[in-house]
Amino acid sequence: MKGNLYLIGGGEIRNGETIEIDNTLKTVAPKGTNFVFFGTAAGDNQDYINSIKSVFNDHFNVIAPTIEDGPEFAHAAIKDASIIYLGGGTTELLLNLFEKWELIDSLHDALNHGTHLVGMSAGAQALSSWYIHENGNSMDLRQGWGFLSVCVLVHANPNSIDRATKLWKINTDLQKTPLLTIEETAMWYVYSTGMQKIGSQVDAKLA
Numbered sequence: 096m097k098g099n100l101y102l103i104g105g106g107e108i109r110n111g112e113t114i115e116i117d118n119t120l121k122t123v124a125p126k127g128t129n130f131v132f133f134g135t136a137a138g139d140n141q142d143y144i145n146s147i148k149s150v151f152n153d154h155f156n157v158i159a160p161t162i163e164d165g166p167e168f169a170h171a172a173i174k175d176a177s178i179i180y181l182g183g184g185t186t187e188l189l190l191n192l193f194e195k196w197e198l199i200d201s202l203h204d205a206l207n208h209g210t211h212l213v214g215m216s217a218g219a220q221a222l223s224s225w226y227i228h229e230n231g232n233s234m235d236l237r238q239g240w241g242f243l244s245v246c247v248l249v250h251a252n253p254n255s256i257d258r259a260t261k262l263w264k265i266n267t268d269l270q271k272t273p274l275l276t277i278e279e280t281a282m283w284y285v286y287s288t289g290m291q292k293i294g295s296q297v298d299a300k301l302a
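First residue of the sequence shown: 96, per the numbering used here; consecutive thereafter.
All clues stand as given, with none of them false.
Listed next, the in silico DSS-like pairs over lysine-lysine satisfying Cα-Cα at most 30 Å (straight line): (1) Lys97 / Lys271; (2) Lys292 / Lys148; (3) Lys292 / Lys126; (4) Lys121 / Lys148; (5) Lys148 / Lys97; (6) Lys126 / Lys97; (7) Lys292 / Lys121; (8) Lys174 / Lys195; (9) Lys292 / Lys264; (10) Lys121 / Lys174; (11) Lys174 / Lys292; (12) Lys174 / Lys126; (13) Lys292 / Lys271; (14) Lys261 / Lys271; (15) Lys261 / Lys292; (16) Lys195 / Lys148; (17) Lys97 / Lys121; (18) Lys148 / Lys126; (19) Lys195 / Lys97; (20) Lys174 / Lys97; (21) Lys148 / Lys174; (22) Lys97 / Lys292.
Pair ranges (Cβ atoms, derived): (23) Lys97 / Lys271: 17 to 27 Å; (24) Ile114 / His250: 13 to 23 Å; (25) Glu194 / Asn140: 19 to 29 Å; (26) Val123 / Gln238: 19 to 29 Å; (27) Gly231 / Asn118: 33 to 43 Å.
Everything labelled a hint here was simulated from the structure, so no lab data went into it. Here the structure is a predicted model, which means the values were calculated and not measured. Backbone N, C-alpha and C define an ideal beta-carbon position, used for all residues, glycine too.
Put together the whole structure using the sequences plus the hints.
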């Protein structure tokens with residue numbers, strides 16, 4: 096792995112909640128290079144895309160492939176990116192489109208060539224081997240792409256961490272896969288020799 100991974104637990108970028116994380120991301124790739132944002136999990140919501148552009152266009156050339164642009168445009172954007180940012184929303188939308196368009200191998204190639212991969216909430220879940228899906232008070236385990244061998248819980252809080260830990264512990268197949276919990280406005284920065292927590296109000300842990 097030549098590029099790095101960045102997993103973000105959540106936060107409203109338009110409200111400045113992730114400003115420390117956003118400023119960190121601006122330091123990891125040269126100014127003027129391509130920052131490719133996929134708002135797929137949010138249904139290519141234009142307000143979300145505009146928020147990303149308002150934050151990152153001062154440093155990067157922000158490109159936001161949508162379903163309307165088609166798979167060839169998405170593949171080309173990934174190939175020329177210095178940073179690829181997978182936004183939040185409904186994880187299944189992201190997983191399904193990337194599998195349909197065969198973009199996952201392109202992400203692997205990009206990472207191996209030094210591109211940095213960022214996952215916000217749903218994006219973080221997709222990049223992990225397993226993720227904990229929450230639906231009201233219920234939780235279940237689902238599979239991601241396995242870019243990072245962890246079982247991730249995003250939007251974590253003390254209650255959800257406790258319940259996720261219990262679910263993780265009773266699944267013996269996951270005992271060799273660490274449980275990674277990430278609260279709002281917190282991010283794990285994963286590089287070749289280790290991991291580092293970044294963000295205001297950081298309270299994330301690796302079990």
